[in-house]
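Engineer: Construct the entire structure; sequences and hints are all you get.
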Amino acid sequence: NAGVTQTPKFQVLKTGQSMTLQCAQDMNHNSMYWYRQDPGMGLRLIYYSASEGTTDKGEVPNGYNVSRLNKREFSLRLESAAPSQTSVYFCASSSTGTLNYGYTFGSGTRLTVV
Amino acid sequence: DQQVKQNSPSLSVQEGRISILNCDYTNSMFDYFLWYKKYPAEGPTFLISISSIKDKNEDGRFTVFLNKSAKHLSLHIVPSQPGDSAVYFCAADHDKIIFGKGTRLHILP
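Heads up: the sequence lines are chains A and B, in that order.
With my numbering applied, the first sequence covers 1 to 114.
With my numbering applied, the second sequence covers 115 to 223.
Computed Cβ-Cβ distance ranges for the label pairs, DEER-style: (1) Gln128(B) <-> Pro61(A): 40 to 48 Å; (2) Met41(A) <-> Lys182(B): 22 to 30 Å; (3) His190(B) <-> Thr20(A): 40 to 48 Å; (4) Glu59(A) <-> Ile167(B): 24 to 32 Å; (5) Arg131(B) <-> Met41(A): 28 to 36 Å.
With a straight-line Cα cutoff of 30 Å, these simulated BS3-like cross-link-like pairs (lysine-lysine) come out: (6) Lys71(A) <-> Lys57(A); (7) Lys57(A) <-> Lys185(B); (8) Lys119(B) <-> Lys185(B); (9) Lys182(B) <-> Lys57(A); (10) Lys57(A) <-> Lys119(B); (11) Lys185(B) <-> Lys168(B); (12) Lys57(A) <-> Lys210(B); (13) Lys210(B) <-> Lys185(B); (14) Lys210(B) <-> Lys168(B); (15) Lys210(B) <-> Lys71(A); (16) Lys210(B) <-> Lys182(B); (17) Lys210(B) <-> Lys9(A).
Hints in this document: simulated from the structure, not taken from any laboratory.
Every residue, glycine too, gets a C-beta built ideally from N, C-alpha and C.
Structural biologist: This is the structure:
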């Protein structure tokens, strides 16, 4: 039971480089989310997708784009990485109507931009 | 504007005693409140939740209390165990989940 799988687990980028963080879930969940976690800041929502074919901005969307490729996959793209985007990125998913159990999170991608 | 606030960055509790983690919120539209636990190098894991229409929910050693009039909730862990040492995030949901900044709980031997 894989749950939510994120790749890569670690990445170092130079300022200005681009990359895509991948996320896939195998629980047939409708909704998917991207969060970033910074020291002392908790988890902040970047983008989310309430269902296949839809995406919406969260609290801190600037500098990011997302694609809901299909029901399973939700990717996060940094077009031109900046040091301020150094963070740990978490993908999560949920099934509408099961909020009692909250979101299921992946294990995270630790990104360093130098 | 922080909608979910955890004002204690850290808390130390003796093993076997009660741990109480607190959380305040500002948005009266929140439907559900949740607690997540996070170990280093892992993603957060769901711990317990409570609907806004209830004032208490219990699951084993974990109990969450909700005081809507005060816009306050708390997580009680009894008895505290070494494996409870982690960061605990309070979260609240209306159409998406908003997280607090977390409280690091240390269980002392």
